[in-house]
Each structure stands twice: as structure tokens, then as C-alpha cells.
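Chains as they are written, first to last, in UniProt numbering: chain A, 1 to 546; chain B, 1 to 461.
It is worth saying that the hints were derived from the structure and are not from the lab. No residue lacks a Cβ here, since even glycine has one placed at the ideal position from N, Cα and C. A couple of the hints might just be wrong.
What the hints assert, rightly or not - In silico EDC-like links for lysine to aspartate or glutamate, alpha-carbon gap of 16 Å or less:
| no. | chain 1 | residue 1 | chain 2 | residue 2 |
| --- | --- | --- | --- | --- |
| 1 | A | Lys-474 | B | Glu-439 |
| 2 | A | Lys-470 | B | Glu-439 |
| 3 | A | Lys-325 | A | Asp-377 |
| 4 | B | Lys-14 | A | Glu-368 |
| 5 | A | Lys-335 | A | Asp-299 |
| 6 | A | Lys-484 | B | Asp-162 |
| 7 | B | Lys-11 | A | Glu-368 |
| 8 | B | Lys-11 | A | Glu-277 |
| 9 | A | Lys-143 | A | Glu-90 |
| 10 | A | Lys-92 | A | Glu-306 |
Unchecked claim - Taking beta-carbon pairs under 10 Å as the criterion, some of the chain B residues facing chain A (in silico):
| no. | residue |
| --- | --- |
| 11 | Tyr-8 |
| 12 | Ser-15 |
| 13 | Lys-66 |
| 14 | Leu-103 |
| 15 | Lys-144 |
| 16 | Asn-150 |
| 17 | Phe-172 |
| 18 | Pro-180 |
| 19 | Ser-225 |
| 20 | Val-436 |
| 21 | Ile-440 |
What the hints assert, rightly or not - Label pairs and their in silico Cβ distance ranges:
| no. | chain 1 | residue 1 | chain 2 | residue 2 | range |
| --- | --- | --- | --- | --- | --- |
| 22 | B | Asp-236 | A | Asp-298 | 49 to 59 Å |
| 23 | B | Pro-317 | A | Leu-467 | 29 to 39 Å |
| 24 | A | Lys-115 | B | Ser-49 | 43 to 53 Å |
| 25 | B | Ser-44 | A | Asn-371 | 19 to 29 Å |
| 26 | B | Ser-48 | A | Arg-243 | 46 to 56 Å |
| 27 | B | Glu-407 | A | Leu-467 | 33 to 43 Å |
| 28 | A | Lys-278 | B | Ser-170 | 34 to 44 Å |
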Amino acid sequence: MSETQNEQILDQQNGVVFGTSSAARINDNLQTPNSNKRDLEEDHLRNEKNKLTKLDAPNYNSSVTKIDPDFIDFKTRLLRHINQTLPYEETKVFSYLTETRQEVSRILKQSIIQKESHSAIMVGPRNSYKSFLINNELRYLSKEHSDQFIVVRLNGLIHSEQTAIKSIALQLELELKRLNQDELTPTDDSVDVSTGSLTEVFEKVLKLLDATKTHANKDGSVSAKVSVIFVFDEIDTFAGPVRQTLLYNLFDMVEHSVVPVCIIGTTTKLSISEFLEKRVRSRFSQRVIYVPEPNDLDDFVIATGESLSPMVPRTSDGEIVYAKKWNSIVETLLKDESSPLFLEVHKNYETFKSQTVLKNSFIPLVGECSNFEELQDAITTCKQITDYGINQYQNDITAMVQTLSDLELVILIAAARTILKSRDESTNFNITYVEYSSIIKSLNARIPSTNNLNSTTDKILDNLVKLWSKEDVKNVWETLQEFKFLTEKGAMGLRESSLAVFYASNYLIQTSTIPFDLRTYNMQVTLHDLRGIVSKSSMFYPWTQL
Amino acid sequence: MGVLFREYQEKTLKSFVCEDYTLTPPNAILLGPSGTGKTTTLNSVLSSSADIVYATIRPNELVTWKSLIQATSRVIQRILKLNFPQTSCPALDPLQVEDYFGLVKDLNIVMSHYSSVCDTIHIIFDGFDLLQDIDASLLLVFLKLHEQINNGHLKCLFVIRDSAFVHRYSNFGIPTIIFPRYNQSQLFEILCNLKTAELSNYDNREISRDIVENFIQLILQSFHSYTGSNLSAIIDIIDLKWPQYITFLNNDSVNDSATLYRRAKHLFTYVDEPLNNSTSSGSGSGSSSSGDGVEHELSRMARYILIAAYFCSYTNPRYDPSLFSRKSGIKAGRVSYGRRKQLEENPTHRQAATFALQRLLAIFQAIYPLGDDADDNPTATRNGTLEQLFQEPYIRPNIEVFQTIAELYSLKWLATSSMSANVDLLSAKVRWKVNVAWEIILEIARSIDFDIQQYFSDIAT
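Isolated chain B (complex conformation):
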């Protein structure tokens, strides 16, 4: 059975893959984004001919080029042993393959033993560009590997997602078969083909094909723009939604698809990804979820420091006196900073500006409410007494403050502008910046009842 909408690719692949090495070019590339049927088509072609000896390697399970070549040696030995158990060949330790030449040497030895029964081996690299430590010279090695094998023939088939990766090698003239993305109607047909049987027998319930197909169509219409043509993503959504959808099925709604849709409408309005709890509550748009700030598990002081750091990064230092000073003697208003320009865009949408640690401490001192703590503490001096005049109204940067800053740094809520991993954090040269997005700082501010929006009232939308 062929693969739907992949007739051309299948046909072409058949002329590039053949058990006789003399009839095909030594390498071929299958190129296309994920979920376009590359592996499915390749497997259907390879399994249609019993004479092709092939081994599959998944580079995304391997990290470095070394483990890739070791896997190549191991997989080829295993596949030959499985296919030709009667031929004896000494086992070579794949872990001793330390470089490309080691691979060539091993393959020569192995294939010389099997040369009487099998002279062509196909290696499939499923997702070659997904190797984590991929570099530009690795593909070249495998392209040229066949020239170094004397005792047999090696054909490499590369399944690649990234077209920019292949374009680097375009002057090598490697035969390439492109797998374009499916469009919506093709997706519908494929999904019907794939899922109807499974869904209509879900949970031992017999459900008619019409309802299943209607459901798939609804899912596609609602979520195609969200998933794009990524087949596996749509299948995930179908698997997620179907059990909920069939709970709305009863005797009335079986024949009336409009009623069914109306009842289950919320299923088609929100994505409901399992990871995304705030939207699955059904409250609507997920942006205004409440109470999440507590989950960040930060201390009260850390939250204030973070807010202070946010101010440092996103407000202009010129406005600091008017924003944070409690002294009335300082010139307030426009006199101190001149005319404000209307900003073109919300600065919180841009990357954080850097600041010196001193400024962070100053703003933190200004916004941190020391008085609130004093209320809870019975031994503290009461407001309005003479003793209070001797007491500092501000928190001093003590060990606790620095500890919290260090903690935030290690959590990467705060960052330094320096690229290196070893920074002298106390050096005056180090510039700091906040590493938190506007939505999260809003949550944090809300959790301690700090109205951060008033500071950004003229710009934040």
C-alpha cells in the first residue's frame, strides 16, 4: 500500500534505492519538514523489496559525531548478523571506533566477510541534521564513505528536515527528493485514513464513521491554523479531545451534528494543552490567570528585589528621583527631567537594559516597605514616637539582601551582561539586568500587592 499524496516521492525513491548498487547513485537525500511522511515513505519503499539490506540510525538519539560513527559500526554489524546468521564474522567492538578511519577499517573488515552474500548495504540516517553536535563536515564524511569501502558497497540515505542544511551542499549534486507540507484537505484525508478505525472503536463503543469524520473536520478547521500542517501535533490534539467529545454523544446528538458542536464548542475554542493549566480551567484567555505568582516560590524580599531590578532595566534613570524619592525638596515634575517624549513602543517589549548594582539597591531601598514588618513585631517601636526618629526608615543592604540577589542570579532571574561564566559579581564594572518578562513581573507584583502598572502607566498598554 502506498503512502497518500506521496506517489511521486515513492516512485522517485524507488529509482534511487535498489539492491543493485550499479543502478543508483551512491547517496540520496529525503528533505522535508517534520510530519511530511519522509520516514513512512522510505519504510514503505524499503520494505517492498525483500532484497534490500538496510539499517536505520537515528542521530537525534546520539549526541556527538563519535557516538554516531560508533552506532554506524554497531548497527551494520548487527543487521548483517541478523540477515545472514549462517555467515561467520568476528565481532568488532564498536566502541573502539574512535575516528572516521576506524569506521572505514571496521566496515572493510565486516563487509569482506559478508561479501559473498551481500554486497550492498543501505544506511538510513533518520534525521541527520537533528544530531546535537552537528557540524558542516560530518555529512561530507558520510557522502564520501563509499569511496573508501573496498569490499562492498555502502549507500547512505539521509532524511533531513532543515533545507538550509542541504543547501550548503548543493554543489555536490546529491539526488534530493523533497517532501512538501500537506495542505488542509490532504491532511483531512490522511487523518481519516489513519484515525477512523481507531476512534470509531474507542473504549468499546461503536461510533459511526460520519461522526468521527465530522469530528476530524471540526478539529482541523479549528486548530489547523494553530498546528500548521504538523501531522503529529494534530493527532495529539485529536487524541486529547476525542474522549471529551464523545461524552457529549447521546441519543439526541448522534444525528444532529449542529447540536453536538454547540454543546462541545469549548473543545474547539481552546487548545487545552495538558501542560498549560491556566487555560484548561476554561476561564478564557490564559493571560489573566491569577495567583500564579505564589508558585514561583520566591521570598518576599526576592520579589521586591526583582521588581526593583525590573524598574532598573525598564525605566530611564532620569526619572528615578521623581518616581522613587520620598523627599519633597527635590525638584519634581518636568523641571527635573525635561519634556517627556511620547514613546513609540512599549519598552517592556524590548530586551532589558543593563544597570549598576548600586541603582538596584537604591530603588530596592525606596520601594521595600519596612513598616509593614514592624506592625507584626510587638517589640518594634511604634509610629510617631521619638525613638522612631533614630531608626532608619529604609532597609539597609544587609547580608540577607545580597544573599537574595545571589540566589536570584543563580536562578537566572537576574543576569549579568558579561558573556563569560566566571564573573566577579561584586566588581563595579559588572552590569546587571533583569531576566523576567512583563507578564511574570505582573504576577509577582500582584502577589505582594504592589501596583507596578502605575509606574508604567504612560507607556504600558
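Bound conformation, chain A alone:
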């Protein structure tokens, strides 16, 4: 209650502030010229390093009396290495990706150093390090050539075609400000790129791209032109069924613009070039880079080793000792085909074949250790990795059925039985309740009851199974729906986009007018599944077959 009040008060305050012109305000706010910070991350990291070691110490080691600062340094390095947040020189790229990396690097270097225009699309499944490769190369290039290129990042999931243009304008504006911050350029029209209608903005963007050349020329330096690098994530969302104006214009720019422009798109769609319209496709360079996966188990094991062993640092001696020791431990464990680590990696290779899943289980393993012996022990036994795997399965159907209470289980079994009996594989609450009560009645008929003999005694020792009333069972029925054991027949499920949700909300759906008892449901488990899951000692086990 008080929260919402606060919000209202804040909003009211905001309302007062918003009296001023919004465009001017935004321009004021964006004065801080550090938007290219991600590319300059390493400096930032180094500055923070001392601070971090202090922060980490109480967090992870509160129970341990003696804190080894070298180990904390090493642990931070290892975690950063696993999360791939180390500075460029210390980042390792998986060896199976070397060729891809070289190709990306070549394209970027050609457009940044040699000022050529390029376009390319990287294709690969999720988490196949597409964006990582691009960002890594950009980080490298920003070390020496940070004043020679501008990066514009777009994501098809976040930007629509309209907002993408606005975003391009805004990012260009900021980056140009960053480049020109030393010169005292008088504010001219070009600064105000991001205002106006969409077509105006786009025209200004194109004009600005031409103008950057003359701007930089005033310096008289060698770096005459500024390359513009567009990084498009999920480029397939811009290659929709309607017109593809944005892609058309951008690819056209690659062909005709005076300024070197490089467009790198990433996508998960293998058939990306079929998505493109003819006029767009003809302007695209046809350079599609397929990001490879590890070929075989050996590649995969090598990649795991690389993701686990950071480069030996050049800093403090203690850390070097730990790093060397750790790397050799990982190496020997991965060579030994009977070690738990190797078995876990092998299991992952045969199932997910995903470095990301492995990485997710390595982070808790490293994070929980407070000294090197613990860490060494953890990687040797791999207990945390197994635990993580076990935890991941605690929410699947089998595990959920096992956590159901007696009543929930018997209702589920009853529903599965009626489904099997019915012609159209659907059930409803009425039928299930009848089935349930017949199960309980026949169960009770088998239990020898002593109460019938001397009915005068208190019924406190009633050993019959309770038959819950129809009203009460409705609650359980809803619980089963919540766990998605039962889904309403004809239910649409999750809609793909917000637009689909909007359209769907405009239709009155007939099922909502059916009384609760009569709504038809389909089931996500069959009676046969239940027979495998329900333990043989359960009193309802005999009912798991017809």
C-alpha cells in the first residue's frame, strides 16, 4: 500500500519536472561521453580490481578465519574467465572457433583499418558465441583504433523497424560526440539527429554519415574517415514479410555510402538468405559465416578444458602458483577418462552438448569454495555438478507426480483412467469425480472394517479411506491444472507476440462460458506413464491400469 503511495508521490514529482521541453532534457542528460564503455572495459576492470578483492572477502569467507588474498584473486579470475568477462588479452577463444574468429576479425579489420564496406551474417544456434566473437574483436580493435569507428548495436527482439532508426540516430549522435569531444565543435544541425519524424531522422542519419568524413578531415590526421559498424542481433526479425525497408537501406548504404559501413548480423535461422527479399538479397554480400559446433568428444573436452583454465596471469606470485596448479589439475582430470569431471563432460556431450549448461554448473562449483583445497576437492569429485544436474530435474513431470499428495495423486489417476476409456481422449471434472469415488469405494470395500461389528464405539479409529466431497475436490482439480497435468482442450497456450495476445483478447472464447464441472481437459501424462512413476507400495498402484 505504502509503496504505491510512494510511487504516486514520485510520479507527481516527476510530473512537475516534465514541464520542460523533453528534447532539450535528453540532450542535456547524454553529455557523459562514456557510452563506449563496454569496449574499454579492461581499464575499468583494472581500476576496480582492488576494490573487488575487498568486497569479495566478507561475502564468501565470513566463516573462514584465514583469508588468502591470492586465492580470492585467483577465484575472481577463474569466475571471470568462465563468464568470459576478462579483458581482451586474457580472454581465450575456443580453439574450434579459431577459423571463425579469424574471419570475423578479417572483416572488421578491413572495414575499420582499410576502410572498406562489408556485410556479413553469422549463423549459429543459441549460445554458440556469435556475439561474443564480434564483441571480442571489437574490444581488440578499440584498444588502438577507438577513434576510427563507431559501433551501433541493434537487437531484433528489442527494436522494431521504427525504433531501430531512432536507436541508430541516438547511438550515432552519442558516438560522434565521444569522438569529437576534444574539438570544440559548435552545435550545428547535425547534433539534433534523433528528433523529427522517422523519414526525417533517417535522412539525417544518412546525411550525418556523409558529414562525418568532412568533420574528421578538419583534424588533418591520417584517420580521415570513421567507419560505422552495425551489429545486428537477431537480424531475421528485420527480414520480415513486409518490405524490409531498414535492411534494404542499410545494405544499400554498404554499396553506396562514402563512409565505410560494416554490417554484421547474427541469427539462429539457417535459411537466413531465403528470408531476404530479392532487392535486399542482391545488395547483401552473401557472406554467411556458419559458427561451428565442436565436432566430436575430443573437441568438446578440449573446449571444456579451455573454458575452465584461465591464462596464467602476470600479476602476483601467489596467484600464478594457484593458476598453474589449477590448470594442471584440470588437464589431468580431463585426460583421465574415468575421472568424475570427464564423465560429467561426456554426459553433457551426449545429452545437451552445450558449453553453456556446463558453465552454469561450474559457477556454483567455483563460487562456493573458500580456499584452494576446497576447490581442488570440488573439481575432483564434481559433487556440485551432479547436484546441479539433480536440481534441474526436480521439476519435471516424474518429480512433480512424486510430490503430489494422496488426494491429488488419486484424482490424477482417475482422470488418466477416464481419458483412456473415453473416445476423444478428453475428460472433465464430473467424470473424473465419478471415477474417483468408485476407486475409493472399491478400495474401502476391501479394507476389513471393524466398525461395522460394534458400531456403538466412537468412529475415531475409522480406517477407511476418506471420500472427499465434490466441492473439496474442485480445489485439487485446480491444483492439477496449475501444474499443467491437465490442460483445457483447445487452449491456445502462450501466444507468440504481444500483438497476438491483443487480438486474442478481443474475442470471447466459448470455453469460458462452460460450467466448471463440464470443461473438457486433455492430460499431459498417460496412465501408462503413471504406472511407471507411482511407487508399487502406493495403495493406488493397482489403479494405474484399467
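Guided by the hints, dock chain B onto chain A, whose structure is given.
Just chain B now, with coordinates in the frame of chain A:
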């Protein structure tokens, strides 16, 4: 203090949530059914470290994606302002955030002002899948949001109930921590931990822990199968039953738990949900409650129409002549409809069949007793007179009948088979169906002394 039976989750969460953005992956999911301690664990982890700046958003209080992103912008601004009051930052109107890019833009501006004091912000979406207008692309936006923020780092933590929702995104490899349901013994320990102090001091009475724990155990044994492992549901039942239970406490029963149980036994036999009045009367099973039909506030004619509609939906039209005709000349019995098959199941358990409005009117005419009204009316013709022969023995479908049908339709007791909202109700093509369950039609029939069960005698159990 840790959360009971959530040691693993807590430990793992600590390695996924950290004030240093370089040590953790950008997003994480906490997945588990309701009442499994997700929020409690998350809060205990977040509050254990003073350096984590975090903001919580509850999507179930918001309806659309737009209000969700506006709330995101508002909450982040507020939390930064609260945590770092000395830093000045112009306030941005969250209501101007119209699309995802607007959110990105605002966050970039806001976080650039605070970048010197705070570079990582955690946003917690408590119950992400509970957003009413949830769609599949919304989570993707928030998963990728951090890539678009240049002036700082954003980490999203999603608390999600529905595992099917998360399974859609399994190829994104988002670190996930699963919270399984508690089992009965775990529940007992948790409840003892939570409630003992509160219950033993209830209403300024000192009650020993043994009695409280015994009570909790009894409640769990009686109602665990009903509530399942839903912690909040059990707590509700405890809160409901405890005041009644302690009225049975006196000097004799304090030490004798068996006597106490015997006296308070009815408390543990029925759920007694406050909404459910028919069972709380203590009469036993709630199915045979009487007199409820009156509460539906329907007119007499409406009740007959409803019954007629029920017949239309649930009896085979082939049997109509034998069931409803008063004329003896029509062939009765098996000759008219052939051999009856033994039905496999009660048709009233299935969904209603559709019928034409004409049939409803005909059956209504047949069952509606016009004569009863005539008795009350002194001006009406008496039975057995010649005048009566001129009078129709049946009610004609007049304006009142149609009005009642329209009323029942608007109350959704009657429905049409068409999906669209705009139906021409008088069109001959429209098929109707009744929208009432068997229990309710029984109540209605009983309220007007109409023996509906005899029509279903061969099938209804």
C-alpha cells in the same frame, strides 16, 4: 538465518547473484510451484549482502507488457534515488516509455548518471509468468536487455512458477535453480518454525508448544491431501481452525490430547472454507444442501425454461414424444424409438448438446403447468367447464417467454454454440445449449417441486 530445506538453492543462488557483474551470468531463473520458498530464499540472499542494489517488480499486479516496462523504468529510478540520494539525476517520466527501445533509452540515461556509484542493478521479476498478457517474446526482451545497456550492467532475476514456460527457453541456457515442493515432514517443520510463536500466544493465552505442535500435526495429517504442499493454503487453514480448536481447551483436555482430538474432531473432518457455507453448517457432505435454488433469484418461468433447456441438451430427441407428449394416440414405448441401449456413462457428465430454439419452446410448453396459476386466479375458468375447451391448455410462446430466454442468455445460463459475441439470436441457424451443471439443475427443480430425476431415472446414478 537460512531458509529451511533450501540450503542448496541458497548456496547456488549466492554464486549466481553478486554485486560484481563480472562474476555472474547476466540472467538467472528461480523456478518452482507456489509456496516453495522462492521469494523467501531470494530475499534472504539479497538482504545478506548490503552491496547489491536490487529492485523488485511484481508482474501479476501489472496487466500488459507496456505497464511492465513502465514499471521497470519507474522502479529502477526510484531504487537508485533511494540508495544514492546525493547523486543528482533528472527524473524521467516512466509513462513516456512506449516500447522496449524507450526503456533502453531511459535506462541508459539513468544509469549513466549513477555510473560512478553503482554499476550493477538487479531487477527481480517476482512471478514473471503471472503477467496477464504474457507472450513468448517478452522474456527474450528482458534476457537481451543487458546487451543494450552501455552505461552500466543490468541483471535480471526471474521468479517463475510454470515450468512449461521455462522449457520454451531451454536452448538459451539460462542458469536455473529449481525449487521442488516440500514433503509432509518438511512442511511440519516449517510450520512449527513459522507458527508456533504466534499460535502459542494467541489471544493473550499461554499455550504450551506441545499442544500447538500437536495441532499442526493433526491439521497436516487431515488436510495435506487436500491442500497438497501449498504452504500458504495450510497456513490459511491453521489460522481458520486454531481459534475454534482452542475453545475445546480446558483443564482436562490440556494433558490428554486424545480427548481433545475427539472433541474437536469435526474440525479435522471438513475443510470449512469460509466461502463454502453449505458445508460449514456441519451437516456433513455438502452435495445435498437444501434450499439453495431459491438463492439463484430466478423467476418461476425462468426455472422451467432452464429445465426445458436441460432436457433439450441432455435427452435424445428421439424420446421426446414418449417423454413429453400428453396425447395417447402417439405410439408409445419401444415401438416409437427402437431398442434402448444401455448407456456407458451418465450423459449429464458430458458437455451439453446443442438444440434448436423450437425444441426448447416445445418442451417448455409441455412441462410448464399453466393450471396451477389458474387456481390462484378467481376470474379464470374452472376445470371441467365448457369454456375450458376453448382455452389452450398450453402456454404459448409470448413476449414474456422470449424475454426470459434473453435474460437467461445474458446471465449465461443459456449459451449459443457460436463463438462470436454478436449473434443473431432469432436466426434459425443458431444452436443453443444449456450452461448449467447437474447439481444446480437439481436444486432448481427441487425449488419448484419438479421431479427431474424421473426423466433421467435409467441413467442418472
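Quiz item: Taking only the CA atoms, is the gap from Lys-335(A) to Asp-299(A) under or equal to 16 Å?
Solution: holds (13 Å)
Quiz item: Close enough to count: is the Cβ of Leu-103(B) nearer than 10 Å to one in chain A?
Solution: Holds, about 8 Å.
Self-check item: Ser-225(B) as chain A interface residue, shortest Cβ-Cβ below 10 Å
Solution: holds (4 Å)
Exercise. Go through the hint on Lys-66(B) and say holds or violated, using the shortest Cβ distance to chain A against 10 Å.
Key: Cβ of Lys-66(B) sits 8 Å from chain A, so the hint holds.
Quiz prompt | Restraint status (C-alpha distance of Lys-325(A) to Asp-377(A) at most 16 Å) | solution = Between Lys-325(A) and Asp-377(A) the Cα gap is close to 13 Å, so the pair holds against 16 Å.
Practice problem: Closer than 10 Å between Cβ atoms is the bar; does Asn-150(B) clear it against chain A? Give me holds or violated. | Solution: holds (5 Å)
Quiz item: Taken at face value, is the distance from the CA of Asp-162(B) to the CA of Lys-484(A) at most 16 Å?
Solution: holds (8 Å)
Quiz item: Per the CB criterion, is Val-436(B) less than 10 Å away from chain A?
Solution: Cβ of Val-436(B) sits 6 Å from chain A, so the hint holds.
Quiz item: Is the interface hint for Pro-180(B) satisfied, with its Cβ closer than 10 Å to some Cβ of chain A?
Solution: holds (4 Å)
Quiz item: Taking the CB of Ser-48(B) and the CB of Arg-243(A), does the distance hold inside 46 to 56 Å?
Solution: Holds, since Ser-48(B) and Arg-243(A) (Cβ atoms, about 53 Å apart) stay within the stated range.
Quiz item: Holds or violated: is there a CB of chain A closer than 10 Å to the CB of Lys-144(B)?
Solution: holds (5 Å)
Quiz item: Keeping to a limit of 16 Å between CA atoms, is the pair of Lys-14(B) and Glu-368(A) held or broken?
Solution: Satisfied, since the Cα-Cα distance of roughly 8 Å is no more than 16 Å.
Checked against the numbered hints above, the structure violates only hint 8.
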